[in-house]
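Protein chains: 2
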Amino acid sequence: MEIDILVSEVGPRDGLQSIERVMPTQDKLDWIRAQFEAGTREIEVGSFVPPKLLPQMADTAEVTRRAAALEGLTVAVLVPNRKGLEHALAAGAHKVSIPFSMSESHSIKNVRKTHAQMLTEIGACIELLASLDARQRPAFEVGLSTAFGCTIEGSVPEDRVVRMAEQVIELGVDEVGLSDTTGYGNPAQLKRLAQGIWSAIGRERMTGVHLHNTRGQGLANVLMAVELGFTTIDSSLGGIGGCPFAPGASGNIVTEDLVFLLESMGLNTGIDLERLFEVRAQVQAALPGEPMYGFVPDAGLPKGFKAH
Amino acid sequence: MEIDILVSEVGPRDGLQSIERVMPTQDKLDWIRAQFEAGTREIEVGSFVPPKLLPQMADTAEVTRRAAALEGLTVAVLVPNRKGLEHALAAGAHKVSIPFSMSESHSIKNVRKTHAQMLTEIGACIELLASLDARQRPAFEVGLSTAFGCTIEGSVPEDRVVRMAEQVIELGVDEVGLSDTTGYGNPAQLKRLAQGIWSAIGRERMTGVHLHNTRGQGLANVLMAVELGFTTIDSSLGGIGGCPFAPGASGNIVTEDLVFLLESMGLNTGIDLERLFEVRAQVQAALPGEPMYGFVPDAGLPKGFKAH
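Residue numbers (numbering that gives the first Met the number 0), protein chains in the order written: chain A, 0 to 307; chain B, 0 to 307.
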């Protein structure tokens with residue numbers, strides 16, 4: 000059966016990079032395989048950043064290579080720059096995202112690059128990709144991060160986000176993603192932003208959203224995203240790495256609660272919820288004492304619940 | 000400025016009846032006054048049930064009488080039957096709700112009444128109300144509880160809910176409310192149910208929803224409710240009484256997160272979020288050790304956030 004919404008699992012990247020401990024490579028691969036077998040078809044497995052910055056991600060090349068052996072799984076990775084893209088290409092990633100912070104202050108603080116410098120970096124990535132044979136080229140996406148507001152600048156002007164999306168597409172990027180890095184977003188804002196960006200670059204150039212649940216608004220924003228026609232939604236198993244009590248934590252949407260929302264609405268995700276709960280237990284066992292979030296795993300499925 | 004959405008606070012009733020300890024009457028009144036002063040315009044202050052069943056609600060008559068002195072506050076109460084309605088009238092409640100479980104098994108288990116017996120009881124309430132002078136008559140609402148599914152029966156047929164709503168309105172009830180007692184609901188189901196009921200009885204006969212967050216779907220359901228045109232939404236300060244780990248707990252939507260959702264979307268609730276956080280602290284102090292829920296109070300408001 001065809002999938003209506005692609006739930007893209009970001010736990011092995013966004014989740015694990017937000018907790019202090021380092022998950023052993025084999026545990027990551029066991030997680031990825033188990034979640035693939037539960038029906039997940041896209042997993043962001045790591046980030047090609049210097050290991051001294053994020054030791055949790057030091058094995059991303061190996062994880063990428065081995066995950067790519069799972070037939071039917073799209074292996075996504077994050078890169079901060081062209082150098083990271085080179086590593087991603089060498090490891091055989093199917094999809095590569097580079098975050099581009101819509102707040103210039105945040106961009107400077109986070110990756111020490113102005114907007115102009117980031118556009119140059121993205122241009123360099125495009126140049127590298129253009130030199131490849133089309134069959135070797137991964138999908139390349141720019142994540143418009145802090146698009147809903149920034150902890151340094153506060154509100155981020157919506158017309159700036161639209162303009163940046165346009166510039167990025169003009170550079171030759173396949174697609175942009177809309178990212179509520181700070182959990183500031185609300186459904187009305189999501190609607191305005193999406194419509195503004197789609198008017199500028201076309202709907203086919205933006206199909207995915209990365210929303211956070213920092214303020215408990217994650218699934219309300221998801222509902223709006225689905226109504227608007229987004230078809231890829233990011234989430235993290237057990238909301239790993241997110242905690243409203245820890246400043247700066249990611250606060251990802253919990254995969255289990257997201258899949259329940261979509262399936263109960265009759266939207267096929269291809270994911271088996273009961274098996275997803277087993278993956279949760281497996282990952283919890285690999286991360287003893289690490290908090291895991293979500294309501295559906297604790298409350299259980301409704302009596303007589305049938306997924307799509 | 001006119002209110003777009005009435006956030007009806009149910010904490011002093013639904014919240015407090017779900018926890019074991021009994022809040023002293025003065026603390027309840029301090030809570031109600033503080034939340035009224037923060038901008039809340041409707042509060043469900045208690046339930047007229049036998050004190051031996053729910054000692055937490057034993058002071059409902061006094062709380063109702065004293066809360067009614069707050070000029071501009073709608074004082075709502077819950078009653079299980081005509082006897083309870085008599086007490087509510089004597090205490091001067093402005094709005095009275097009687098829950099009517101759409102699952103007959105649940106109704107029998109909970110209040111020992113079949114659907115036919117409940118309709119008779121509601122008819123008896125209408126008779127009593129009809130004997131009053133119009134100016135003394137409180138608003139009378141039937142809450143269609145377990146409308147989204149039941150922990151005993153599982154799924155509840157939607158056409159049964161529509162038929163029951165119709166029968167209740169034919170008896171002379173002012174309004175019905177749609178209630179997801181079990182936290183089974185999803186936005187698609189809410190849309191079908193609301194449209195089905197509105198087709199049968201008219202939109203003006205159902206303007207409020209009581210949604211739960213047991214499976215983390217509360218605010219997604221709220222967004223759908225707002226899009227559909229519901230104008231009254233129930234919630235509980237700090238989600239008191241709700242806990243996904245405790246079977247049977249209410250799992251109410253958290254008022255703080257709900258008000259944030261609505262205000263950030265540009266919908267006026269009349270409620271001042273900063274003052275609401277102060278009420279939360281006050282209630283927490285009156286209930287030491289009692290878990291309080293919600294994301295916005297912990298994460299804080301976004302930098303530069305301006306309410307409507």
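What the hints contain is simulated information worked out from the structure, not anything from laboratory work.
Where hints are given, some of them may not hold.
[Stated by the list, open to error] Here are the computed lysine-lysine pairs in the DSS-like style, where the Cα-Cα straight-line distance is at most 30 angstroms: (1) B/K94 - A/K302; (2) B/K82 - B/K112; (3) A/K51 - A/K190; (4) A/K94 - A/K82; (5) B/K82 - B/K190; (6) A/K112 - B/K302; (7) B/K302 - A/K305; (8) A/K190 - B/K302; (9) A/K94 - A/K51; (10) B/K108 - B/K82; (11) B/K51 - B/K94; (12) A/K108 - B/K94; (13) A/K51 - A/K108; (14) A/K108 - A/K190; (15) A/K302 - B/K82; (16) B/K82 - B/K94; (17) A/K82 - A/K112; (18) B/K112 - B/K51; (19) B/K305 - A/K190; (20) A/K108 - A/K82; (21) B/K190 - B/K94; (22) B/K108 - B/K94; (23) A/K190 - B/K108; (24) B/K190 - A/K305; (25) A/K190 - A/K82; (26) B/K108 - A/K302; (27) A/K108 - B/K305.
> Which earlier hints turn out false for this structure, listed by number in ascending order?
Replying inline: Numbers 1, 3, 5, 7, 12, 15, 23, 25, in rising order.
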